[in-house]
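Undergrad: What follows is the residue order along each chain.
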Amino acid sequence: MNILSIKDLHATVDGKEILKGINLEMGAGEVHAIMGPNGSGKSTLSYVLSGRDGYEVSKGEVLYKGENLMEMLPEERAQAGVFLAFQYPVEIPGVPTVTFLKQAMNSVRKARGEKELDAFEFKKIMDARLKELSIVNDMVRRALNTGFSGGEKKRMEVLQMAMLEPSLAILDETDSGLDIDALKTVADGVNALRAEDRSMLVITHYQRLLDYIVPDHVHVLSAGRIILSGDKSLALELEEKGYADIVAAAA
Amino acid sequence: MNAMTDAGLLRDYETHAATLPGAGSGWLDGLRKGGAHRFEGLGLPTRRVEEWKYTDLRTLASDPFGHAHEPDADVSVPDMDLGAEPYRAVFVNGHFHAGLSDLTGLPDGLVALPLAQAMQNSKAFLESYLGRVATLGRRHFVALNTAWLADGFALYVPDGMTIERPIELVFIGATGDTRAAWHPRNLFVLHPGAQATIVERHIGQTGTYLSNTVAEIVLATGARLNHFKLQDEAADAFHIATTQIHASADAVYENFSLMTGSSVARNQIAIELQAPGSSCMLNGAYLGRGKQQLDTTTLIDHAAPDCKSSEVYKGALDERSKGVFQGRIVVRKDAQRTNGHQSNKALLLSDKAEIDAKPELEIYADDVVCSHGATVGELDEHALFYLRARGIPLEEARGLLIDAFVDGAIDEISNAAIREAFRSHAKAWQGGNS
Chain D
1 MNILSIKDLH ATVDGKEILK GINLEMGAGE VHAIMGPNGS GKSTLSYVLS
51 GRDGYEVSKG EVLYKGENLM EMLPEERAQA GVFLAFQYPV EIPGVPTVTF
101 LKQAMNSVRK ARGEKELDAF EFKKIMDARL KELSIVNDMV RRALNTGFSG
151 GEKKRMEVLQ MAMLEPSLAI LDETDSGLDI DALKTVADGV NALRAEDRSM
201 LVITHYQRLL DYIVPDHVHV LSAGRIILSG DKSLALELEE KGYADIVAAA
251 A
Chain F
1001 MNAMTDAGLL RDYETHAATL PGAGSGWLDG LRKGGAHRFE GLGLPTRRVE
1051 EWKYTDLRTL ASDPFGHAHE PDADVSVPDM DLGAEPYRAV FVNGHFHAGL
1101 SDLTGLPDGL VALPLAQAMQ NSKAFLESYL GRVATLGRRH FVALNTAWLA
1151 DGFALYVPDG MTIERPIELV FIGATGDTRA AWHPRNLFVL HPGAQATIVE
1201 RHIGQTGTYL SNTVAEIVLA TGARLNHFKL QDEAADAFHI ATTQIHASAD
1251 AVYENFSLMT GSSVARNQIA IELQAPGSSC MLNGAYLGRG KQQLDTTTLI
1301 DHAAPDCKSS EVYKGALDER SKGVFQGRIV VRKDAQRTNG HQSNKALLLS
1351 DKAEIDAKPE LEIYADDVVC SHGATVGELD EHALFYLRAR GIPLEEARGL
1401 LIDAFVDGAI DEISNAAIRE AFRSHAKAWQ GGNS
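Taken in order, these protein sequences are the chains called D and F.
Per this note's numbering, residue 1 is the first one in the first sequence, and the count goes up by one each step.
Per this note's numbering, residue 1001 is the first one in the second sequence, and the count goes up by one each step.
Do not rely on the hints blindly, as some may be mistaken.
Pair ranges (Cβ atoms, derived) [what the hints assert, rightly or not]: (1) Asp1102(F) / Lys124(D): 28 to 38 Å; (2) Glu1378(F) / Gly177(D): 20 to 30 Å; (3) Lys124(D) / Ala1416(F): 26 to 36 Å; (4) Asp1102(F) / Glu116(D): 38 to 48 Å; (5) Asn137(D) / Gly1105(F): 41 to 51 Å; (6) Glu1050(F) / Phe120(D): 50 to 60 Å; (7) Glu71(D) / Asn1339(F): 55 to 65 Å; (8) Ala1374(F) / Asp53(D): 49 to 59 Å; (9) Ala1428(F) / Asn137(D): 27 to 37 Å; (10) Gly1377(F) / Lys124(D): 34 to 44 Å; (11) Lys65(D) / Gly1431(F): 33 to 43 Å; (12) Ala1428(F) / Gly242(D): 58 to 68 Å; (13) Leu1100(F) / Glu71(D): 54 to 64 Å; (14) Gly113(D) / Pro1064(F): 57 to 67 Å.
Covered by chain F, per the in silico footprint, the following chain D stretches (three or more residues, Cβ under 8 Å) [what the hints assert, rightly or not]: (15) 39–53; (16) 65–78; (17) 88–96; (18) 107–113.
Each computed DSSO-like pair below joins lysine-lysine, with the alpha-carbon atoms no more than 30 Å apart [said to hold, decoys possible]: (19) Lys124(D) / Lys1427(F); (20) Lys1123(F) / Lys1053(F); (21) Lys115(D) / Lys1033(F); (22) Lys1427(F) / Lys123(D); (23) Lys131(D) / Lys115(D).
Keep in mind that the hints were calculated from the coordinates and are not lab data.
Glycine is no exception: its CB is placed at the ideal position from the N, C-alpha and C atoms.
Sequences and hints are given; from them, build the entire structure.
TA: The structure is reproduced here in structure tokens:
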């Protein structure tokens, strides 16, 4: 059974149809990239998959590990192992990052029928992940994402992914706002999390992220539909010719 | 008509007044009679009285109140960790309860005792101060309180003395089926350089009662009072509190009021910064649900130059609850170089919740820095989604955000242990919310 199976997915935002029939199959451990120009529906797809309010599915279905993902609340999706790395992680003043991480981890563990972690057990796991990802302790003592640089915010997303151990990670424009050094750091973190039981959907406008996170499959999204699929060489072709040519050729 | 009924609040006044502590001493009788007379004229305020425009007292006025008697059930004081072991005075249904109180170990040279006892032992002290700060004016509830002056807490701290441990004043309401009223009167006088910390807890167990508290506070030159108040009255109770402060040169008054209880509550604070260098911090949080009305009304009177004031209030209002914030700052003509800041932020957690905010700045001096800000908002949808997308259930996510919001006010409490005690009370309110 595939991890993710999207069939003829149509979705609207404010009554306007943005996704117009997406089909996508992802196997366990596969990394798929979705590339597309601005306005093609990339972020809408990530929000529909993670359950954000205001993104209405008008047609089609999405199965996650065989279950109807669209019937689940956002928190239930996360508990079931769907993780969205946000394009713009939200700053939440007043909520300490550590408090948030512990509550998130324990919510997920509780839902999975695992024992909740006490403060000591939690800290042990967090410290280990921080070390693996070379994140300084100082960051988790601050309020969640508050005043973080673009790079810090994206690393915090990767840290959360590492701690919540999802089966399906959706990376929404993880490269946006990052300089090349920050991009490498974040990509290293993501690559370290690649695993046979973890699929990744990498959503990006630019090919450069895919130099570092090398996908198994590449799909081109245009005007709410996947118009072309291929292997990683498709990304290079896009880089060379630009979206306009590829979109025109596929039409 | 500016007055509605008096809800039987002066019933059989002459007869009862003759039995009050200290009755028969001329000045006290006179003070009480003056209060009774004034309340007779004023009655309870209606919403046509400007200062009472937003808080509806009809449920208070609907049925007459009787006199408070001893509670039929056992009462106890739930623990609250204030860091240091406090000196404690407990009042049950308005009367001092010796068995639950512990005032042993207080330093020599001060007055710290229940008002009814002070009427026997410290007459000169009371006569010098009572009714001098909380003047009657057109204050309906001060007049009523003065008419029934009987018990409460009297504190006098002499020059330069610092009382290290907090003084905890616990007012417990437990009236069962009786609809009763009481009128605690507190008097805190700190002489030059004196310092004290007072924690008031108004906690109710059962009953539809009115607790009408008045505090008169005099801070002499360089004195500092840290005054923290938790209002967690019984769900059907009415809590009306009036705190009047006179601050002399370089005196500091800090107040934090956390309101979670009662059906209708008004926390009214008025401070006169009377001499240069005096300052006040008035802060608080009001957390409402059901049909609660929680009113915060403050008046800061900058009557002298070089004084500072700041206010940080936060309200979280759920269901059909209503918050009121009236914050008036007056800067008189001579009060140059005044620094005054006021902020009231309310979070509406339901579309039936309501906040009425009325900041008023009256500035007659020209060299001042004054600001006020009032915001009303809802929980941030983006933040809620972000938390839920990490597996945190909706109610818990709301809780995290509400805590973070309220913490912004609680962080203003200068005393670390008391700050944490109030924080955990605010969190417990949350718990009842889920």
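Undergrad: Decide, hint by hint, whether the structure agrees.
TA: Hints versus structure:
no., hint, verdict
1, Asp1102(F) / Lys124(D): 28 to 38 Å, "violated, 44 Å"
2, Glu1378(F) / Gly177(D): 20 to 30 Å, "holds, 28 Å"
3, Lys124(D) / Ala1416(F): 26 to 36 Å, "holds, 28 Å"
4, Asp1102(F) / Glu116(D): 38 to 48 Å, "holds, 40 Å"
5, Asn137(D) / Gly1105(F): 41 to 51 Å, "holds, 44 Å"
6, Glu1050(F) / Phe120(D): 50 to 60 Å, "holds, 58 Å"
7, Glu71(D) / Asn1339(F): 55 to 65 Å, "holds, 57 Å"
8, Ala1374(F) / Asp53(D): 49 to 59 Å, "violated, 28 Å"
9, Ala1428(F) / Asn137(D): 27 to 37 Å, "holds, 31 Å"
10, Gly1377(F) / Lys124(D): 34 to 44 Å, "holds, 38 Å"
11, Lys65(D) / Gly1431(F): 33 to 43 Å, "holds, 34 Å"
12, Ala1428(F) / Gly242(D): 58 to 68 Å, "holds, 59 Å"
13, Leu1100(F) / Glu71(D): 54 to 64 Å, "holds, 56 Å"
14, Gly113(D) / Pro1064(F): 57 to 67 Å, "holds, 58 Å"
15, 39–53, "holds (count 4)"
16, 65–78, "holds (count 5)"
17, 88–96, "holds (count 6)"
18, 107–113, "holds (count 3)"
19, Lys124(D) / Lys1427(F), "holds, 27 Å"
20, Lys1123(F) / Lys1053(F), "violated, 39 Å"
21, Lys115(D) / Lys1033(F), "violated, 67 Å"
22, Lys1427(F) / Lys123(D), "holds, 23 Å"
23, Lys131(D) / Lys115(D), "holds, 24 Å"
Checked against the numbered hints listed earlier, the structure breaks hints 1, 8, 20 and 21; every other hint is satisfied.
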